[in-house]
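Read off the chains here:
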Amino acid sequence: MESTYEWLDNLKLKASIGSQGNDNIGNFRYTNTYTIENANGKVSTVFNAKGSENITWETNSNFNAGVEFSFLRGTVSGGVEYFLRKTTDMLLSFPVAPSLGYSSYYANVGDMRNSGVEIELNFTPIRREHVQWDINLNMTHLRNKITMLPPERRNKQVDGYSGYVSGSTFFGEGLPMYTFYMRKYAGVSDEGLSMWYMDETDDKGNPTGKRVTTTEYAKASDYLCGDPIPDLYGGFGTSVNFRGFDLSVAFTYQIGGLAYDSGYAAAMYSPANKTTGMNWHKDILKAWSADNASSDIPRLQYEDKDQNNMSDRFLMDASYLNLQNINFGYTLPAKFTKKVGIEKVRVYLACENVWYWSKRQGFDPRYSYSGSTSQATYSPVRTISGGINIQF
Amino acid sequence: MKKATNITLATLAAALLASSCIKEADPYEIATEDQVTLETLIEGIPASLVQAGSAGYAQDGQAWDFALPAIHIATESMTGDIAIGGNIGYDWFAQWGTNEALGADYAVGALTWNNYYAWIMAANNVIKQIDASDFSSLDATQKSYLGFAYAYRAMFYLDLVRLYEFKENNYTEAPEVLGLGVPVVLPETTEAEAKNNPRAKVDDIYDKVIFPDLDKAEELLSGFTAPDKYTISLALVYGLKARAWLERGTAKEDNAAYAQAAEYARQAITASGCTPLTQEQWEDPTNGFNSATSNNAWIWGLALPSESVANLFLLHGAHEYRERMERLRKRRLPLHQQQPLQQYRPARLPPSFVARSCSQRPGEGVLRLQKKTP
Numbered sequence: 001m002e003s004t005y006e007w008l009d010n011l012k013l014k015a016s017i018g019s020q021g022n023d024n025i026g027n028f029r030y031t032n033t034y035t036i037e038n039a040n041g042k043v044s045t046v047f048n049a050k051g052s053e054n055i056t057w058e059t060n061s062n063f064n065a066g067v068e069f070s071f072l073r074g075t076v077s078g079g080v081e082y083f084l085r086k087t088t089d090m091l092l093s094f095p096v097a098p099s100l101g102y103s104s105y106y107a108n109v110g111d112m113r114n115s116g117v118e119i120e121l122n123f124t125p126i127r128r129e130h131v132q133w134d135i136n137l138n139m140t141h142l143r144n145k146i147t148m149l150p151p152e153r154r155n156k157q158v159d160g161y162s163g164y165v166s167g168s169t170f171f172g173e174g175l176p177m178y179t180f181y182m183r184k185y186a187g188v189s190d191e192g193l194s195m196w197y198m199d200e201t202d203d204k205g206n207p208t209g210k211r212v213t214t215t216e217y218a219k220a221s222d223y224l225c226g227d228p229i230p231d232l233y234g235g236f237g238t239s240v241n242f243r244g245f246d247l248s249v250a251f252t253y254q255i256g257g258l259a260y261d262s263g264y265a266a267a268m269y270s271p272a273n274k275t276t277g278m279n280w281h282k283d284i285l286k287a288w289s290a291d292n293a294s295s296d297i298p299r300l301q302y303e304d305k306d307q308n309n310m311s312d313r314f315l316m317d318a319s320y321l322n323l324q325n326i327n328f329g330y331t332l333p334a335k336f337t338k339k340v341g342i343e344k345v346r347v348y349l350a351c352e353n354v355w356y357w358s359k360r361q362g363f364d365p366r367y368s369y370s371g372s373t374s375q376a377t378y379s380p381v382r383t384i385s386g387g388i389n390i391q392f
Numbered sequence: 393m394k395k396a397t398n399i400t401l402a403t404l405a406a407a408l409l410a411s412s413c414i415k416e417a418d419p420y421e422i423a424t425e426d427q428v429t430l431e432t433l434i435e436g437i438p439a440s441l442v443q444a445g446s447a448g449y450a451q452d453g454q455a456w457d458f459a460l461p462a463i464h465i466a467t468e469s470m471t472g473d474i475a476i477g478g479n480i481g482y483d484w485f486a487q488w489g490t491n492e493a494l495g496a497d498y499a500v501g502a503l504t505w506n507n508y509y510a511w512i513m514a515a516n517n518v519i520k521q522i523d524a525s526d527f528s529s530l531d532a533t534q535k536s537y538l539g540f541a542y543a544y545r546a547m548f549y550l551d552l553v554r555l556y557e558f559k560e561n562n563y564t565e566a567p568e569v570l571g572l573g574v575p576v577v578l579p580e581t582t583e584a585e586a587k588n589n590p591r592a593k594v595d596d597i598y599d600k601v602i603f604p605d606l607d608k609a610e611e612l613l614s615g616f617t618a619p620d621k622y623t624i625s626l627a628l629v630y631g632l633k634a635r636a637w638l639e640r641g642t643a644k645e646d647n648a649a650y651a652q653a654a655e656y657a658r659q660a661i662t663a664s665g666c667t668p669l670t671q672e673q674w675e676d677p678t679n680g681f682n683s684a685t686s687n688n689a690w691i692w693g694l695a696l697p698s699e700s701v702a703n704l705f706l707l708h709g710a711h712e713y714r715e716r717m718e719r720l721r722k723r724r725l726p727l728h729q730q731q732p733l734q735q736y737r738p739a740r741l742p743p744s745f746v747a748r749s750c751s752q753r754p755g756e757g758v759l760r761l762q763k764k765t766p
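Residue numbers (our numbering), protein chains in the order written: chain A, 1 to 392; chain B, 393 to 766.
For reference, chain A alone in the conformation it holds in the complex (with noise of 0.2 Å):
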């Protein structure tokens, strides 16, 4: 080991297991609830949510593996991780059809398993007595899988997985967790009107297996389109000091996923009978028309029904790049501020949310799981402050 004594500061090889339960859901799952409401003077109870009897936690076990290192007197250091999370019993809203006068109810609707690779580095590449410079970068590549789903749980077959739609989404087994599943966006027809893809079925209304594409938004199907989680995702950044100057920068980023941009998808109506006289985005002049019939943006007419809807047209990549702050200071040599009393005086300039790039201007990505975003949210203000810390 001597012969490492050079070179080698601390490595470390660690492993943990455990498991531990979860039940952020609200009480009172198990049995169904009543709001009590006045009925002109009596007591009366109205139903407030559908209860599952048989409802318990759901657990979690987590299994992480991994090494710890640190090189040439801290110059180098970080880790590199594998973790495995299994979540059996997981609680989900589980929807029905809401003639049964609710939509939804609470249940362990089945198994569920995220694993990935968490990798942290930091690199010292100055320290000097009045100089130090470091950087530091973390990644995680996570996978995700909905494991197990019972059969009360599988009620309709796509693609060959089986589960349950939810709004938008199937949770299938087999699949990643909130995996689109919405119409499929076919380009434009030669009238410049919007298609999408739909089974064709034969005379009798027997599946052929063939895709077809149709102008009819109401008679498309549903198809399977991708799903929210990144590929990469972490953040990275620096920081220098220089004889009492400090600055600091910091990033976060995702690579890969999908969103859905519903702020684009309300820029690009189609005027109506009053639906007109709102903003559109500026991809509106790219329209389809015997101009421009290359476009695969719909045409521009007025009282043209369902053509912005829902669709994985508006199915964007939701890779970004976030400038999470940056933090500049200067600290009074200590020989002067101590003559008066004062152990340390920093100046400084803050800056949180700088700036985002994300593929579209508008689009902000950055804070959904389960890939909606909305254009009425308002993504994190861009704040600026200035200080002067004392420490006596």
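Keep in mind that the hints were calculated from the coordinates and are not lab data.
Hints are supplied without guarantee of correctness; some may be wrong.
Claimed, not checked - Which chain B residues face chain A? A few, computed with CB under 7 Å, are given here: (1) 419; (2) 420; (3) 428; (4) 432; (5) 438; (6) 509; (7) 587.
Claimed, not checked - Okay, derived cross-link-like pairs now, DSSO-like style, lysine-lysine, Cα gap no bigger than 27 Å in a straight line: (8) B/621 to A/42; (9) A/156 to B/593; (10) A/184 to B/587; (11) A/305 to A/286; (12) A/305 to B/559; (13) A/219 to B/593; (14) B/520 to A/42; (15) A/204 to B/559; (16) B/621 to B/535; (17) B/587 to A/219; (18) B/593 to A/204; (19) A/219 to B/559; (20) A/42 to B/535; (21) A/305 to A/282; (22) A/204 to B/587; (23) A/156 to B/587; (24) B/587 to A/145; (25) A/282 to A/359.
Just so it is clear, the structure is predicted and the values come from calculations on it, not from any experiment.
Glycine included, each C-beta is placed from N, C-alpha and C at the ideal position.
The hints should help you fit chain B onto chain A, whose structure is shown.
Frame of chain A; chain B shown alone:
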């Protein structure tokens, strides 16, 4: 010293015991299944008919969300019977009035669909609990409760079938839905059956649900005297029968059905002792239609307790009101199921803004924020 330690230990033990009792908490905001009774269940039906925010959209500023009175305004708007003056931007029923975007993809569909089926479930829950195989074995209270439940259920299906039936007309053709009503959900309908429950035939809904339910209600309520206009009465059952037969008469050009309608209308008038409105009463904007008791023409009315009278537009209202709306909002589809609707619904608005959905078409810029005037 030893004594002091003992006391400390005893206190500690008591504290531990006390904290372990929390497990058996009783709900204080809601009631659980074992706390409700047949009486609170049946009283819950008229209470839910006037429950503000019952479709789950009031929290988002959708001011059309106030149960059966709102449905009545919506249907009045659909027939063009409501004149809108002044600032038409505040006409929350414009979608019904103009017959625009009323389908399954739009939030407004919840007003009829979600409400009626929640009420049908409430009626079914009462029917489920009373053994209806032999009416003579029931006591007077059970008879009246079961009679109410059947009358309510018939009323709900009668409304639904009239709202959703496609009728032959000169303008549109839809042979594939001709003669189809709505899915029928009964106490015995299972979750799996409901998932694959196509629209029942209009004739079947009348013949197998509405008329049998009204017949049973008539029998069960034959000796019952309603204490007020807000309680189901035999006269109301006759009135519903008259309406149902009138529908059948016009649908099939059937004179026998018309005769039944006339017969039951007469019985409704006799049993209720009601008299038609005079022209003066009819045209009185204060008393004509605003109260069940201001004249002698109303057979049945909805009591509106103060809790249900709320400014649905007031997103940042009283704390209790917000809590209540939040609870109702949770009742609608869970978040990840809402994507088709989310485009015109704000997730959360800052208090200085109110939301107006100008048009409810997905994919069209439908959310407009208006600065609230002070």
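Of all the hints given earlier, name the ones this structure violates by number, lowest first.
2
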